[in-house]
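Participant: Under our numbering, the first residue of the sequence shown is numbered 83, with each subsequent residue one higher.
Derived by calculation from the structure, the hints in this document are not laboratory data. Among the hints, erroneous ones may be present.
[As the list claims (entries may be wrong)] Pair ranges (Cβ atoms, derived):
| id | residue 1 | residue 2 | range |
| --- | --- | --- | --- |
| 1 | F142 | K406 | 51 to 59 Å |
| 2 | Y397 | T91 | 19 to 27 Å |
| 3 | N132 | L435 | 21 to 29 Å |
| 4 | P427 | V534 | 28 to 36 Å |
| 5 | L97 | E283 | 34 to 42 Å |
| 6 | E135 | I527 | 18 to 26 Å |
[To be verified] Subject to a maximum C-alpha distance of 20 Å in a straight line, what follows is the list of computed SDA-like cross-link-like pairs (lysine to any residue):
| id | residue 1 | residue 2 |
| --- | --- | --- |
| 7 | K231 | R479 |
| 8 | K169 | F306 |
| 9 | K169 | L298 |
| 10 | K406 | K169 |
| 11 | K406 | R479 |
| 12 | K406 | V393 |
| 13 | K406 | I390 |
| 14 | K231 | L97 |
| 15 | K406 | F537 |
| 16 | K406 | L394 |
| 17 | K231 | F537 |
| 18 | K406 | N340 |
| 19 | K231 | R401 |
| 20 | K406 | R540 |
| 21 | K231 | L402 |
| 22 | K169 | T91 |
| 23 | K231 | N340 |
| 24 | K169 | T154 |
| 25 | K169 | L97 |
| 26 | K406 | Q543 |
| 27 | K169 | P483 |
| 28 | K169 | P302 |
| 29 | K169 | G98 |
Quick reminder that beta carbons are idealized off the backbone N, C-alpha and C, glycines included.
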Amino acid sequence: MHAVSLTGTRAAGPLGYHSWALFEWARNPYVILVTIYIFAPYFTTTVAGNPVEGQSMLGFTNTVSGFIIAITAPFLGAIADRRGRRKPWIATFVGIMVPCAFLLGWSLPGGAGIGVTTTLILMVIVSIAFEYSAVFHNAMLPSVAPVTKVGAISGYALAYGNIAGLLLMVFVLYAFAWPGHTDFSFIPDQPLFGIDQSTSEDDRIVAPLAAVWMLLFTLPLLLFTPDGRDSSNSVREAVREGLTAGVATLRRLSHYRNVALYLLSRMLFNDGMVGVLIFGGVYAAGTFDWDTTTMLLFCIISSFSAAIGAVLGGYVDDRLGSRKALLLAIGGTAGLLAFAVTIQPDSILFIPLETTGPVWNSPYFATLPELVFFINNQFFAMFITVGFAASRTMMARIAPPTMMTQFFGLYALSGTATAFLAPFLVGTFTRYFDSQRAGYSSLIILLTIGFVMLFAVREEQAVAHEDTA
Numbered sequence: 083m084h085a086v087s088l089t090g091t092r093a094a095g096p097l098g099y100h101s102w103a104l105f106e107w108a109r110n111p112y113v114i115l116v117t118i119y120i121f122a123p124y125f126t127t128t129v130a131g132n133p134v135e136g137q138s139m140l141g142f143t144n145t146v147s148g149f150i151i152a153i154t155a156p157f158l159g160a161i162a163d164r165r166g167r168r169k170p171w172i173a174t175f176v177g178i179m180v181p182c183a184f185l186l187g188w189s190l191p192g193g194a195g196i197g198v199t200t201t202l203i204l205m206v207i208v209s210i211a212f213e214y215s216a217v218f219h220n221a222m223l224p225s226v227a228p229v230t231k232v233g234a235i236s237g238y239a240l241a242y243g244n245i246a247g248l249l250l251m252v253f254v255l256y257a258f259a260w261p262g263h264t265d266f267s268f269i270p271d272q273p274l275f276g277i278d279q280s281t282s283e284d285d286r287i288v289a290p291l292a293a294v295w296m297l298l299f300t301l302p303l304l305l306f307t308p309d310g311r312d313s314s315n316s317v318r319e320a321v322r323e324g325l326t327a328g329v330a331t332l333r334r335l336s337h338y339r340n341v342a343l344y345l346l347s348r349m350l351f352n353d354g355m356v357g358v359l360i361f362g363g364v365y366a367a368g369t370f371d372w373d374t375t376t377m378l379l380f381c382i383i384s385s386f387s388a389a390i391g392a393v394l395g396g397y398v399d400d401r402l403g404s405r406k407a408l409l410l411a412i413g414g415t416a417g418l419l420a421f422a423v424t425i426q427p428d429s430i431l432f433i434p435l436e437t438t439g440p441v442w443n444s445p446y447f448a449t450l451p452e453l454v455f456f457i458n459n460q461f462f463a464m465f466i467t468v469g470f471a472a473s474r475t476m477m478a479r480i481a482p483p484t485m486m487t488q489f490f491g492l493y494a495l496s497g498t499a500t501a502f503l504a505p506f507l508v509g510t511f512t513r514y515f516d517s518q519r520a521g522y523s524s525l526i527i528l529l530t531i532g533f534v535m536l537f538a539v540r541e542e543q544a545v546a547h548e549d550t551a
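Could you put together the complete structure from these sequences and hints?
Facilitator: Next comes the structure, spelled out in structure tokens:
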């Protein structure tokens, strides 16, 4: 007997749902390599030339992309529901992301090359296309995953993504960052492929690398994961009906009160979690003045921790429910962030240290504040990944089955309608107080409010209103 999905249709087999999960393997290295750990810190410190000003630029750039996504994603999802198939949309957005990400490799130190403005524009385009692709990818989960494995498969996807990032980070470390800087016999004497460290090519190469990786590993999803059927609607009809349905759904949100409350909660806690990820690497690099190699190790081990968190979180989700898994993840993230901002090179919990020298014989994370911050970030990675996986499965469990893409468009809206808020808070607090610590700590506000609101949400599936289905 074939397994049944949340939508009541036949679920995909292992090849189909693992291919669906592998799309995170394709996309997430861009987030890990470019958005969080390597390229973004490189941009703030080397391209912009000033960590505080660079962090502020990235903050306001993310505000722009978040606003565009917020006003378009729900209607895009409604249009897609009228067309039926989701994979052609995913292929289109990957086709946009790949060349834009590839070009980021020519953002040179001091604003040379493609320049600061073009770099920021390309990052905006990739951010928008990335979120659009997530709308359609997420909307496939309820029809692809067997009903008893929704949480686990969502967790597998994020685990695959983090493992992919880990593998690429190890490669970057071996091939580009360590050569010439370590005596390890297994490390090449010079960077591979003629990479020039003096022009920061070891930092810049991660963007083209992530682009090629994304192109290659999107193929399993396109080839092996079952898709919906094409409707008889033309593109024009789908656009017209989708826009009408999107407006009707927004007007009928009182009918979907529980879902609406969840989306409002997610607007805040998701924005806080994404902000922690985006600005965590920037904060660490600026606070401890870590070089590329140290940031690579930080990313590699954190990615492994995130993969563990994703797998464990998936099983917690299937056993305790998505809501309880989310509460655990949000509360843990807020507590860890409150602790992280108390750590400085010469203090922990705001208490000055008697000595700031190395506490163990290691070239990396050698001082006590560095080591404590590093360990704290491993728990960060676990809790945040649990939160991302449970957030997606929660939506799959409570949205009307016949309106899944439309509601995942609203889900994208909830992740981006206030997506300007976290970068804006970080950018504003950083600039006003002239402090990265002040900017980073502002994210606790979003996490706390979202956490409290989630207590009012019920984990039950909504029924489509006749005017919006």
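Participant: If a hint holds in the structure, say so; if it does not, say that too.
Facilitator: Evaluated hints:
1. For the hinted restraint 51 to 59 Å between F142 and K406, the CB-CB distance of approximately 36 Å leaves it violated.
2. Taken as a hint, the range 19 to 27 Å holds for the pair Y397 and T91, whose Cβ atoms sit roughly 24 Å apart.
3. Between N132 and L435 the C-beta distance comes to about 27 Å, which sits within the given range of 21 to 29 Å.
4. A C-beta distance of roughly 34 Å is found between P427 and V534, which places it inside the suggested range of 28 to 36 Å.
5. Judged by the Cβ atoms, the range 34 to 42 Å given for L97 and E283 holds: they are separated by roughly 38 Å.
6. Checked against the given bound of 18 to 26 Å, the beta carbons of E135 and I527, roughly 24 Å apart, stay inside it.
7. A distance of roughly 12 Å separates the Cα atoms of K231 and R479; the hinted pair therefore holds under the 20 Å criterion.
8. A distance of roughly 11 Å separates the Cα atoms of K169 and F306; the hinted pair therefore holds under the 20 Å criterion.
9. Between K169 and L298 the CA atoms are separated by roughly 15 Å; this keeps the pair inside 20 Å, and the hint holds.
10. A C-alpha spacing of about 32 Å is found between K406 and K169, which places the hinted pair above 20 Å, so the restraint is violated.
11. Under the criterion of a C-alpha separation no larger than 20 Å, the hint pairing K406 with R479 is consistent with the structure, at around 13 Å.
12. Taken as a hint, the K406 and V393 pair is honoured in the structure, with Cα atoms around 16 Å apart against an allowance of 20 Å.
13. Restraint check: the Cα-Cα separation between K406 and I390 comes to about 18 Å, which is no more than 20 Å; the hinted pair holds.
14. For the suggested pair K231 and L97, the alpha carbons sit about 14 Å apart, so the restraint of at most 20 Å is met.
15. Distance check on the hinted pair: K406 and F537 sit about 9 Å apart at the alpha-carbon level, within 20 Å; holds.
16. Taking the CA atoms of K406 and L394, the gap is about 14 Å. The hint holds against a cut of 20 Å.
17. For the proposed pair K231 and F537, the alpha carbon gap of about 24 Å is over 20 Å, so the pair is violated.
18. Among the hinted pairs, K406 with N340 is consistent with the structure: their alpha-carbon atoms are about 16 Å apart, no more than 20 Å.
19. At most 20 Å may separate the alpha-carbon atoms for a hinted pair to count; K231 and R401 meet this at roughly 10 Å.
20. About 11 Å separates the Cα atoms of K406 and R540, which keeps this hinted pair within 20 Å; it holds.
21. A hinted pair counts as satisfied when its Cα atoms are at most 20 Å apart, and K231 with L402 qualifies at roughly 13 Å.
22. Distance hint between K169 and T91 is fulfilled; the C-alpha atoms sit about 18 Å from each other, no more than 20 Å.
23. Under the criterion of a C-alpha separation no larger than 20 Å, the hint pairing K231 with N340 is inconsistent with the structure, at around 23 Å.
24. Restraint check for K169 and T154: the C-alpha separation of about 19 Å stays at or below 20 Å, so the hint holds.
25. Only pairs whose Cα atoms come within 20 Å are accepted, and K169 paired with L97 is accepted, the gap being roughly 16 Å.
26. Under the criterion of a C-alpha separation no larger than 20 Å, the hint pairing K406 with Q543 is consistent with the structure, at around 16 Å.
27. Simply put, K169 and P483 have alpha-carbon atoms about 18 Å apart, close enough for the 20 Å limit, and the pair holds.
28. Our distance criterion of 20 Å between C-alpha atoms is met by K169 and P302, whose separation comes to about 11 Å.
29. For the given pair, K169 sits about 13 Å from G98 by alpha-carbon distance, which is consistent with the 20 Å threshold.
Of the hints listed earlier, those the structure fails to meet are numbers 1, 10, 17, 23, in rising order.
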